[in-house]
Structures are given as C-alpha cells and as structure tokens.
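Place chains W and V with the ligands on chain F using the hints.
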Amino acid sequence: MSDPRVRPVGPYPISQGGWHEGGSSKAYVTNDWRLEKPVVDLEKCVGCLYCWVYCPEPAIDLLDRAGKGPSKVRIDYDHCKGCGICQQVCPPKAIKMVPEEEEVANNGSI
Amino acid sequence: MAQFESVQTRKSLLTGDEAVAHAVRQSNVDLVAAYPITPQTIIVERIADFAASGAFTGQFVPVESEHSAMSACIGGALAGARAFTATASQGLALMHEMLYAASGLRLPISMAIANRALNSPLNIHNDHTDVMGSIDSGWIQLFAENAEEAYDRVIQSFRIAEAVNLPVAVNLDGFTLTHSTEPVEMLSDEAVRGFVGRPPKRDSLMDEAPKSFGLMSLPDSYQFFKEDQSRATTGSGVTISQVEGEYVKLSGRDHGALKIFGSGSKVMMVMLGSYAGTARTTARQMKNGGEQVGVISLGWLRPFPERQFLDALEGVETLMIMDRSVSYGAPAGPLASDVMSLLYRYGIKRKVIAVTYGLGGRGFLEEDAMRLFRYAEKSGPSFESFFFYGGE
Amino acid sequence: MEGNSKLSQFQPVKSIFEINREERMAPGHRACAGCGPMIAVRQILQSLDVKPVVISATGCVEVTTSTYPDSAWLVPWAHVAFENSAAVASGVEAAMHALKVRGELKEERPVIALAGDGGTFDIGLQALSGALERGHRMLYVCYDNEAYMNTGIQRSSATPFGAWTTTSPVGKEWPGKAEIKKDIMGIVVAHGTPYAATASISHWKDLMTKVRKAVSQNGPTFLHVYAPCNRGWRFEPKDTVEVAKRAVETRFFPLYEVENGRYRITVPVAKPRPLEDFLSLQGRFSHLLKPENSETLKELKSIVEERWSKINAAASVQAQV
Ligand SMILES: Cc1ncc(C[n+]2csc(CCOP(=O)(O)OP(=O)(O)O)c2C)c(N)n1
Ligand code: SF4
Ligand code: SF4
Ligand code: SF4
Ligand SMILES: [Mg+2]
Chain F
1 MSDPRVRPVG
11 PYPISQGGWH
21 EGGSSKAYVT
31 NDWRLEKPVV
41 DLEKCVGCLY
51 CWVYCPEPAI
61 DLLDRAGKGP
71 SKVRIDYDHC
81 KGCGICQQVC
91 PPKAIKMVPE
101 EEEVANNGSI
Chain W
1 MAQFESVQTR
11 KSLLTGDEAV
21 AHAVRQSNVD
31 LVAAYPITPQ
41 TIIVERIADF
51 AASGAFTGQF
61 VPVESEHSAM
71 SACIGGALAG
81 ARAFTATASQ
91 GLALMHEMLY
101 AASGLRLPIS
111 MAIANRALNS
121 PLNIHNDHTD
131 VMGSIDSGWI
141 QLFAENAEEA
151 YDRVIQSFRI
161 AEAVNLPVAV
171 NLDGFTLTHS
181 TEPVEMLSDE
191 AVRGFVGRPP
201 KRDSLMDEAP
211 KSFGLMSLPD
221 SYQFFKEDQS
231 RATTGSGVTI
241 SQVEGEYVKL
251 SGRDHGALKI
261 FGSGSKVMMV
271 MLGSYAGTAR
281 TTARQMKNGG
291 EQVGVISLGW
301 LRPFPERQFL
311 DALEGVETLM
321 IMDRSVSYGA
331 PAGPLASDVM
341 SLLYRYGIKR
351 KVIAVTYGLG
361 GRGFLEEDAM
371 RLFRYAEKSG
381 PSFESFFFYG
391 GE
Chain V
1 MEGNSKLSQF
11 QPVKSIFEIN
21 REERMAPGHR
31 ACAGCGPMIA
41 VRQILQSLDV
51 KPVVISATGC
61 VEVTTSTYPD
71 SAWLVPWAHV
81 AFENSAAVAS
91 GVEAAMHALK
101 VRGELKEERP
111 VIALAGDGGT
121 FDIGLQALSG
131 ALERGHRMLY
141 VCYDNEAYMN
151 TGIQRSSATP
161 FGAWTTTSPV
171 GKEWPGKAEI
181 KKDIMGIVVA
191 HGTPYAATAS
201 ISHWKDLMTK
211 VRKAVSQNGP
221 TFLHVYAPCN
231 RGWRFEPKDT
241 VEVAKRAVET
251 RFFPLYEVEN
261 GRYRITVPVA
271 KPRPLEDFLS
281 LQGRFSHLLK
291 PENSETLKEL
301 KSIVEERWSK
311 INAAASVQAQ
321 V
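Protein chains in written order, with the numbering used here: chain F, 1 to 110; chain W, 1 to 392; chain V, 1 to 321.
Isolated chain F, as found in the complex (with noise of 0.2 Å):
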C-alpha cells in the first residue's frame, strides 16, 4: 500500500476560493445528449436570427458574427441538445430535425 499521506491529483488546478475564467464550459461537449439534430437548409434561411435568440445554448453559430443584418446561421453540433425549438421558431421553416444517426452533407448546413 502506498503512503496515504501523498494527497492525490486532482483533475483540474485547485483556484483559490474556486473561481475560474469565464466561458471556460466550452470545452464540455453535450452533443451525446441529442437524440435528433436540426439541420439547417441554408436556400430557405432567410437569416431572421430568431432560432439564434430562442436557443437556449446557444447552440447557433452566426455566419456574419459582425455584421448589423440579416445572419445565416450554421448548427454548432458539439453542443446542440437537439431540443428542437430552432425548428418551431424558424418563421420560413428552414430547420428540419433529423434522426441523430443521419448522415448530413455540409457540416449539417444544406
């Protein structure tokens, strides 16, 4: 048996009082959580940004971050939950959710 006084290592730095740099959940990755996945057909998106500003992720990545007017958007699939609200709030109908297994050409843009 090995010397129980050597304290193991942690995972992760110890901070002091447990604070750490903000966004840093990034690099979690929740795509496993989905069971469908929305694709976007980028001929109908009509670039209106309401699936960007009802998902809850966000999951939404903007194509003209800088812009001031209309975004085509493209699906950040790490961390799509795949709840589905993008597709009910896309006024042209231009997300379909599809079975996760699927196959979809174009980094889910199509």
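In case anyone wonders, no lab produced these hints; they're calculated from the structure.
The reader is advised that the hints may include incorrect statements.
What the hints assert, rightly or not - Label pairs and their computed distance ranges (CB to CB): (1) V:Arg262 to F:Glu43: 43 to 49 Å; (2) V:Asp49 to F:Asp78: 26 to 32 Å; (3) F:Pro8 to V:Glu276: 54 to 60 Å; (4) F:Val9 to V:Asp277: 53 to 59 Å; (5) V:Glu133 to F:Val9: 47 to 53 Å.
Glycine is no exception: its CB is placed at the ideal position from the N, C-alpha and C atoms.
Same frame as chain F, but now just chains W and V with the ligands:
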C-alpha cells in the same frame, strides 16, 4: 462622537465598541454593511455617525438582516473592496451560512463579534456561545482582552485578511468590553492609513476579463478546495505575527498569539477574553503568597497557536481550561476539547480540568478565580475533571 | 448613486439586427435541452452592449452553468447562496461606488441579481425587499419557472393554483396546488421601485426593451420573466417558447410594466385564446382538463381573469389621467 478629532493621537476614554468603530474609520474601509444587535450596536451607530459627518469615507449599507450584512460584505469583497461588519449572538447565528461562503470564497472580510449568549432563554449578556457555534466556519478568530486590544486587532485584521485571503473575526466580550469605558491610545489617522494601505489587487468582478466566482464543485474537486483552505488557515499564524510585528513598531503594543502570566507555574488557567484579567490579578496575589499559579490567555483561537501553546507548558502540571460556552453532550467544553486534542496529538500528558463558567454574563470575580486555582492545586486523584462553576 | 452615465441612455430594441451578437453565455452548460430559464438569461444578456455583473442565486441556472472548472458566463459572475442574491448585489453596487469615489474604478458596471421564483418569491423575499428599499442601482431578475426545479419540482409561492408539483400532488383531497400565485409585482411596486415589469421569453423584443429600460434607471428595478421548464411542467422541450407564448396569449401571464407607479400593458391581448390552449400542452395541468376537476379549472380561469382585470384597470386608470 463629536470629540474624536481632538483625541486621535492621545489616550482617550472609549468603550470597546467605540474603539472598534474608530479602527474601522481609520482603516480605509470601502464598505460597512451591518445590522444592529446588542451589544454590538454602538459600533454600527458610531460608524453611521462617521459616515454622516464625512469622517468615514466608504459606503455604509444599513442592511435588513445579518444574513444580508455578510452577503453584502461578500459582494463587496468580490468586487475588490475592503469590507467590514459587526455582529453578536443571534446575528452571528443568522449569518452562519454566509460565514462558510465568505471563507470558502477566500474573501478578506473583517468582522467584530461582540460576544453574547444565545437564545433560549433569551440573554443579552456575555459568553462565548455565539463564536463557538461558528468556530469551524473557516474564519480566523482573534480575541481581545480589552478595548485597546480590540482596536489594535481590528486594524490588523484588514492586513491579515488581505494577505492570507481569509476572513478575520475579532471577538470582544459583550458589555464587559463593548460597553465599558477604558483608556485607549488611538494611533493617528495617518499612521493607521499608512499601515493598512489599500487592499492589494485581487481577482474580482471588476476585472476586464470576465471571471466566475463561487462555482459548484463536485466530489472530484471539493476536498481539494477544503484542504487548501485548511492549510491556509493553519499557516496563517506566521502572517498574523508578521502583521502584528509591523504594528508593534507604531503602537508599541504586542498582544501576540497568547499572553502568559506566571510562566512555568504548576497550575495554569487557560482563558479566552476579558475574564483573563481577573484571573491574572488573582494569580499575581497568590503568587506573591508563594502559590504556583498562572494564566494563559489566548489571543488566537483559529488558527490555534499550537507552537506557542506547547512552549508554554514547560513546568506546568495542571491545566484548568475555562469555557464560556457549552458543547452539549461533548467530553468537555470546546476550548478544553481543543487543548486536550492538541496535547494528545503531541503525546503530552498534563492533568486537565475543564470548567464551564460565566454563561449569559455570569460574573467572575477574584474570589472565583482563587477558589478554582485552589481546587486545581489541591485536587487529588479523585478530582472532578469537567464541571460547571457557578460561584458561591 | 450615479453609476455609469452611458447606461442612463435608454434605447428600445427596434430590430433583431441591432442586438449585440457577441455571445454573453458560452455553450457546454448542463441545463436540460430546451431550458426556458437559459433562454431568458441569453436574451437578457444579449440585449445589453455593456457587460453587467451577474449575481446568481442557487437554482437551476446557477447549478447548470457553473460546474467547476466550467463556467458558461462570459460576463463577470458570482454565486453565493440561494436567498441572498439581492444582498450580494447590494454589496457589489456599494463597493463599486466606493471604489469609484476613491478613483480606483473607472466605470461602474450594471449589476443584475438573478434568481428563480423560489429564490425571489419565497426564501429571497426579505433580501429583495431590503435591496429595493435601500435603492441600490441594480436590476433584479426573477426567472419564473413556477417551482423549485433544481431540487425536483417542489411547489413555490409562484406555482399557479391547480398545478401539480411533487409537493402539491394531485389526489382525492388535493387539486394540485391549492393556493394562488403570489403577486410579486404588487409587492415590488409597493416599495416605490422606479421600474418593474413582467416579460416572457416568447416575446424577446418586449423583454429586451424592458431590460434596457431597467438598466437605464438610476435605482432598483425588477423584471419578472416567464421561463417555462419542460422538465417540471411536463411538456416537450421543443415547445418551451410556444408554452411561454400561449401563457401570454391566454392572459395567463400578462406582460406589463410599472414605471414610477404608472401601469402599462406592453403586449395587449384583446382576444385571449382559451386557457385550455395553454394548459393542454403541459402535464402539470392535465388533471384540470378531466371532467371531475371542472370546478378547479373554473376557479383557475376566474383567477386568471381577475388578475388581468386588475392590471388592466390599473393601466386604464393611468391612460385616462
Ligand atoms: C438555504 C437553502 N435552502 C434550500 C436549498 C436547496 N435549494 C437549492 S435550489 C432550490 C430551489 C430553487 O428554486 P428556484 O429559485 O425556483 O430556482 P429553479 O431551480 O427553479 O431554477 C432549493 C430549494 C438551498 N440551496 N439553500
Ligand atoms: S435544437 Fe435546440 S439546442 Fe440545438 S440548435 Fe436548435 S435550439 Fe439550439
Ligand atoms: S430562424 Fe430559420 S430563417 Fe431565421 S436565421 Fe434561423 S434558420 Fe435562418
Ligand atoms: S429542470 Fe427546468 S429549469 Fe431546470 S435546467 Fe431543466 S429545463 Fe431548465
Ligand atoms: Mg423555480
């Protein structure tokens, strides 16, 4: 309050509470959030006076409870400010949850505790039930024997807290110290301001890059945080001594981790707080009469001054440990339990008599001290090792 | 307190395209799929150009966004406890002011206290009241998912009459929750709070405008945000926004604001949908749609109508003045 400006650098007559309020006024404190409770009220009232007159330059937040007092101090400290509160008894109990939050977040917050008994039955008088209920909440716990010591320790508390990233409480006995007028030699405002300076830069909510404080920790990390905190507390004694060492240069007053009277006497009474003075006076008389009695008065309880305490045991046969609170159903009072576990851990054998006394303001006169010393000197093999002492 | 002068300029949200596109929340948090409160948090934070300090109360939003070492917050954030977000935020605000006076802080940030309905209506009510009375410049946001969700769907005083929760179960003797929802807006307004409003995640423009208006006030403000929880209310995650929308359209959750005591309904509902349209999407109300509970349903309908009329009356009185 009106006369404070004329008495800054000379001996003035102040109650313990007033002395604490002056210490806060002088210490570049940014935020005081407090709620009144006897016998702490004068501290809050004086700071409010100072704020009203412009003598206190921080923000005074008259919160709606002690829980919110500590919560606001935590918020202030998270924003990088120097925060202070004061409470007692029921107020400390109501604050209990937040005491752990303050220490776990490693925030430098200072607090004065005007020690008072806890309900029920209701009692506004002095004992140590309040602080003993919070003794494991991760605060550095310092004790004052008189108003001047309370003043000195409050000033030092800011420096200590900010150096070790732990909250610091300064305990002063309710009424005995908080409401009795004593000569206190205050330092000049400039001297204190220079001594405390401004809080060193720390990670805060004001930082440009967003930081998250108070994250939830799972079993994979929680114990590491606690171990870290424990080491910091145990190791804080070095810093407390250093800070006091610097302060002594200004004030000439060195209270230390503990005060020993009658070093090496056969019987040593171990005490916390203002009643140590009575025991010391008695011991002096008895010593003059050839009796071998002395007093160890602890200035720190957390961290427990282990080395200093063990050093004081040379030649001592009996320790009479005096508790002003009860740990119901425990093998002894909380202070006695601390001392006994320290002795046992270091394999040091001494006769120990644990005495519970002075609850809810019950007095302690020289004759009481003498009776107890005599009991400790004489007690044979059948001595009672744990009892309540209630006087004549 | 003066605060940050830039913040005092209020600009209503006119178009979705003017909203700040720099994300204020990072993904990877552990909220359930389709979490309404997370939608609320995102909408609130995206509506501001400046980065506020957020003080979270214990609850779903806090727990799911802050598993060490992962934090989803891209704004300065802290959690201390369940019942004291208003008090912690008070301390932050006062401290900022003190540091500014000392010349150690350039600009004060807006302070947002963020708590669930339990952390607001129940255990945090005292701290909220204290902060409102003291007049700290802060926005207090209550995201209302109408129960203690983090601990497993127990009733709070925000849970509506008739709703099932794990501590207001439905049985022969109990109709679900027997008590009506506490009027938190009334309580807040009674403090003389300069600005208080309700909002719903379904009506993002109304919500974001209210956040901006609140942050521009030089004093305490309050936002009561309807934020459906699919786990606790028993509906499909995809319907979170729809449920919130129907709450508004059935007058179950009126959207209004109270500015210096003046009531204004911001989303008028001239022709309300039948309440059943809202209830039928949710398992927590399923028993109310059964014939044997028709009396309970009737009672709930009259509670909803009464609430609406009260607010409507307050708003019309103002309109006449
Ligand atoms: C003093 C205290 N009591 C109880 C709890 C347990 N607790 C944690 S979160 C919570 C419920 C939170 O409910 P709410 O504020 O509505 O937020 P939600 O989880 O619904 O988002 C409770 C009861 C606690 N953390 N602290
Ligand atoms: S399915 Fe849900 S999580 Fe995924 S992108 Fe759409 S709204 Fe976001
Ligand atoms: S809601 Fe639909 S149309 Fe609008 S941006 Fe998203 S995908 Fe495109
Ligand atoms: S239980 Fe409800 S409120 Fe909590 S994370 Fe899940 S969906 Fe969100
Ligand atoms: Mg809730």
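Ascending list of hint numbers which this structure does not respect: Per hint list: zero violations.
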